[in-house]
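**Q** Each chain, written out:
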Amino acid sequence: MTTRFVSAAELMGRVLGLPDYKFVIIGHPISSASDADLAEYARASIDQARNLLLRT
Amino acid sequence: MTIGVLDPSNERHAAQARLAERTVSLRGKTVGFISNGKEGTEGYFKHLDYMLRKQLGVGDVVWRTKSNYSAPAEAEIVDEIKKWHAVVAGVGD
Amino acid sequence: MAPPIVTTHEQPTRKPPLTSKVYDVADFSAAQELFHSNGWTDGLPVVPPTRPAVEACLDWAAMVPEQLLGVEPVREQPITAEKVAINAVMAGCLPMHFPVVATALQAMLQEEYLLHGVTSSTGGCAALIVINGPIRLEIGANATFNALGNSDRATSVIGRAVRLALINLMDVRPGGIDRSTLGHPGKFSYCLAEDEEDTIWEPLSVVRGLPLGASAVTVMAAMAPRQIMNEWTTDPKEILETFAAEMRANQLNYSIYGGNYAIIIPKQLREPIQAAGWKKRDISEFLYERARVRRGDWATVGKGSVVRDRADKIHPALQSPEHLLVIAAGGPAGGFGAVIAPWMGSKTKAVTAAIGACVDCASPKT
Chain A
63 MTTRFVSAAE LMGRVLGLPD YKFVIIGHPI SSASDADLAE YARASIDQAR NLLLRT
Chain B
-9 MTIGVLDPSN ERHAAQARLA ERTVSLRGKT VGFISNGKEG TEGYFKHLDY MLRKQLGVGD
51 VVWRTKSNYS APAEAEIVDE IKKWHAVVAG VGD
Chain C
2 MAPPIVTTHE QPTRKPPLTS KVYDVADFSA AQELFHSNGW TDGLPVVPPT RPAVEACLDW
62 AAMVPEQLLG VEPVREQPIT AEKVAINAVM AGCLPMHFPV VATALQAMLQ EEYLLHGVTS
122 STGGCAALIV INGPIRLEIG ANATFNALGN SDRATSVIGR AVRLALINLM DVRPGGIDRS
182 TLGHPGKFSY CLAEDEEDTI WEPLSVVRGL PLGASAVTVM AAMAPRQIMN EWTTDPKEIL
242 ETFAAEMRAN QLNYSIYGGN YAIIIPKQLR EPIQAAGWKK RDISEFLYER ARVRRGDWAT
302 VGKGSVVRDR ADKIHPALQS PEHLLVIAAG GPAGGFGAVI APWMGSKTKA VTAAIGACVD
362 CASPKT
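Chains as they are written, first to last, in the working numbering: chain A, 63 to 118; chain B, -9 to 83; chain C, 2 to 367.
I should point out that these hints are in silico values taken from the structure, not numbers from a laboratory.
Incorrect hints may appear among the rest.
[Unchecked claim] The calculated lysine to any residue pairs, modelled on SDA-like cross-linking and capped at a C-alpha distance of 20 Å, are: (1) B/K28 <-> C/S256; (2) B/K28 <-> C/S347; (3) B/K28 <-> C/Q68; (4) C/K348 <-> B/G27; (5) C/K238 <-> C/F337; (6) B/K56 <-> C/G346; (7) B/K28 <-> C/E286; (8) C/K16 <-> C/E73; (9) B/K19 <-> B/E1; (10) C/K22 <-> C/Q68; (11) B/K44 <-> B/S15; (12) B/K19 <-> A/R117; (13) C/K348 <-> B/P62; (14) C/K280 <-> C/D199; (15) B/K28 <-> C/S181; (16) C/K348 <-> C/Q111; (17) C/K22 <-> C/L35; (18) C/K238 <-> C/P186; (19) B/K56 <-> C/D199; (20) B/K44 <-> A/V68; (21) B/K28 <-> A/A71; (22) B/K28 <-> C/R296; (23) B/K28 <-> C/V308; (24) B/K28 <-> C/D310; (25) A/K84 <-> B/I71; (26) B/K56 <-> A/A98; (27) B/K36 <-> A/D97; (28) B/K36 <-> A/A98; (29) B/K28 <-> A/R117; (30) A/K84 <-> B/D50.
Modelling step: build the complete structure from the supplied sequences, incorporating the hints.
**A** Structure, rendered in C-alpha cells:
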C-alpha cells in the first residue's frame, strides 16, 4: 500500500475482521513515479515481505 | 427529562478472519500478483517479480489484474489463490 | 329468538420492536455532541432520532424494522429499514420522505451501481438522485428554481439522508473508507425532481423502462454539475452543441471514458428544442454523435504522456444513446443547462427503481 492509503488499508482490515493485519508500505504516488523509484519501492517491499510472508 | 436517541451506525461486529499459515521459504514456490491496474503498477510489479525470483528464489510469479480498480477482485481471480503459496495485492496509487 | 351476540376481541397489532441501542441524552445540544463525537454526522446538526420518529417512518412505508433493503457485498453489511429510517430522521426527513430514501439506497445497493467502488474512490463522486412520478407533488419536491441547489425541503433532506446512511452504515467517512481527494458539495445532498408538468417529454423513469404514473428514483454516481450557457439561438443543434462541448471538455480534463452522463435542460432551452419537434431520443442520438474526443487531444491539456500510440483512437462520451439521462428541470428563465459527468466511465451504471414496488425483483433497467 502506498503511504497515503495506509489508513484505508487499516480500516479495511478492521472491517473485514483482521484489525492488526500487517502490510507492506511504499512511497506515494505510483502513477507518476520514475522507473528508478519503482525499483526502489520493489526493493523496500522485498525487505518488508520477508517478515510478512515467511515464518520466522 | 432525557431524550432517548437511537444509534444510527451498523452496530454489527465484523466476523473474525484468520491469517493464512506462513511458509518457511518461498524457494520454488508460486507467488500471485493481484494488481489494481492503475498507472505505474506494471513497472512496480515488474521489478518485484524479478527480485522475488532472484532474492527469494520464487519459482513462478502469476500476474492478474482486476477489471475494476475500485472493486474487489473477481471471483475467478480469488479462486486461483488456492493454487499459489503467497499473494501480493496492490497498489494504492 | 334473536341469535346470540358473538363478540370477538381483536388482538392489538404487535409492532416489531426497534433493536438499535438507545442513548439517553440530556437535551438537544447533548444529542449533537454525542452524534458529532461518534462521527455519526456530515458535520451539520442532526435531528435527534427518537423511537417515535423512526417508527413513524417505518409505519408510513409499511416496513418492519428488520426488513432488508440490501446487502453491501464488500463488507457483507446488511442494510435494514430501521437503520435507514434512523438516518433519515437525522437528516430531517418526515415519514413521507422515507420511501424515497429507502428506494434510493436499494437502487444503490444493486450490483451494477458498484457502491463500494464509487464511495471509496479518490474521484470524489456523490449520489445524484432524480425523483419522478406523483410522489414529487405529494412531498413538495420542487423541480424549478434552484433545482441543483437548495430548492426545497424534500430534496434537501432526501439527499442528505442517503449521505448519512453511507456514513453510518458503510463507514464512508473522509479519510476512512471515503478517500475522495476533493469530493464536491453534492456530498451533502444531491437530489432533484423532474419537471414533468412543464414538458412534453417523457419522464426520465419512463425512458428508463418504468410505466407512466409510477413514482421512481434514478441514482447515478455523479460528479459536480458543469453549467453551460447559450441564450443566443433557438436552433436545437446549436443549443445541444454547447452541451456536447462541455461533455468533450469533461472527457479531456477529467475522464475520457464513456458512461452515463446526465444533462439538465431548463425551460428556456427546452422550449425551442421541443418546438422543433425534438424528443429526448433525438437529443440522446445527437449527443451520442457529437460528444466524442480524439485521444491525441489529451496532449492539448497536459496529458500527452498517456496518449501513447493510440492518438487516433476516438472515445465517445456515451457508449450508446441510451446512456444519456435527459432531465427537464430548472427555473423558468435563464439559458443555462448542466452537464453531470459519471464518476469513471461505465464502471458504475445508473439504476432506476420504482418506489413502493417489488423489493426482491431485479431493477427494471440499468
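**Q** Against each hint, give a clear statement of whether it holds in the structure.
**A** We went through each hint and held it up to the structure:
Of the supplied pair hints, the one linking B/K28 and C/S256 holds, its CA atoms being roughly 14 Å apart against a limit of 20 Å. This hinted pair checks out: B/K28 and C/S347 have alpha carbons roughly 16 Å apart, not beyond 20 Å. Distance check on the hinted pair: B/K28 and C/Q68 sit about 39 Å apart at the alpha-carbon level, beyond 20 Å; violated. Pair hint C/K348 plus B/G27 holds up; C-alpha atoms about 14 Å apart against a cutoff of 20 Å.
For the suggested pair C/K238 and C/F337, the alpha carbons sit about 15 Å apart, so the restraint of at most 20 Å is met. Taking the CA atoms of B/K56 and C/G346, the gap is near 16 Å; set against the 20 Å cutoff, the hint holds. Between the alpha carbons of B/K28 and C/E286 the distance comes to roughly 32 Å, so the proposed pair goes past 20 Å and is violated. Between C/K16 and C/E73 the CA atoms are separated by roughly 27 Å; this puts the pair beyond 20 Å, and the hint is violated.
Taking the CA atoms of B/K19 and B/E1, the gap is near 42 Å; set against the 20 Å cutoff, the hint is violated. Between C/K22 and C/Q68 the CA atoms are separated by roughly 17 Å; this keeps the pair inside 20 Å, and the hint holds. Restraint check for B/K44 and B/S15: satisfied, since their Cα atoms lie roughly 13 Å apart, inside the 20 Å limit. Taken as a hint, the B/K19 and A/R117 pair is honoured in the structure, with Cα atoms around 14 Å apart against an allowance of 20 Å.
A threshold of 20 Å between alpha carbons decides the hint, and for C/K348 with B/P62 the separation of about 13 Å falls inside it, so the pair holds. For a cut-off of 20 Å, the pair hint linking C/K280 to C/D199 stands: about 14 Å separates their Cα positions. Straight-line distance between C-alpha atoms of B/K28 and C/S181 comes to about 16 Å, which keeps the hinted pair within the 20 Å bound. Using a Cα cut-off of 20 Å, the hinted pair C/K348 and C/Q111 holds, with the two alpha carbons roughly 13 Å apart.
Using a Cα cut-off of 20 Å, the hinted pair C/K22 and C/L35 holds, with the two alpha carbons roughly 13 Å apart. Using a Cα cut-off of 20 Å, the hinted pair C/K238 and C/P186 is violated, with the two alpha carbons roughly 31 Å apart. In summary, the hint linking B/K56 to C/D199 is not supported, as the alpha carbons are separated by about 46 Å, beyond the 20 Å threshold. Between B/K44 and A/V68, the direct Cα distance comes to roughly 28 Å. Violation of the 20 Å bound is thereby established for this hinted pair.
At most 20 Å may separate the alpha-carbon atoms for a hinted pair to count; B/K28 and A/A71 meet this at roughly 17 Å. Taken as a hint, the B/K28 and C/R296 pair is honoured in the structure, with Cα atoms around 18 Å apart against an allowance of 20 Å. Between B/K28 and C/V308, the direct Cα distance comes to roughly 15 Å. Compliance with the 20 Å bound is thereby established for this hinted pair. This hinted pair checks out: B/K28 and C/D310 have alpha carbons roughly 18 Å apart, not beyond 20 Å.
Distance check on the hinted pair: A/K84 and B/I71 sit about 19 Å apart at the alpha-carbon level, within 20 Å; holds. Only pairs whose Cα atoms come within 20 Å are accepted, and B/K56 paired with A/A98 is rejected, the gap being roughly 25 Å. With a C-alpha separation of about 10 Å, the suggested pairing of B/K36 with A/D97 holds against the 20 Å cut-off. Restraint check: the Cα-Cα separation between B/K36 and A/A98 comes to about 12 Å, which is no more than 20 Å; the hinted pair holds.
A hinted pair counts as satisfied when its Cα atoms are at most 20 Å apart, and B/K28 with A/R117 does not qualify at roughly 31 Å. Pair hint A/K84 plus B/D50 does not hold up; C-alpha atoms about 24 Å apart against a cutoff of 20 Å.
Violated hints, in rising order: 3, 7, 8, 9, 18, 19, 20, 26, 29, 30; the structure is consistent with all others.
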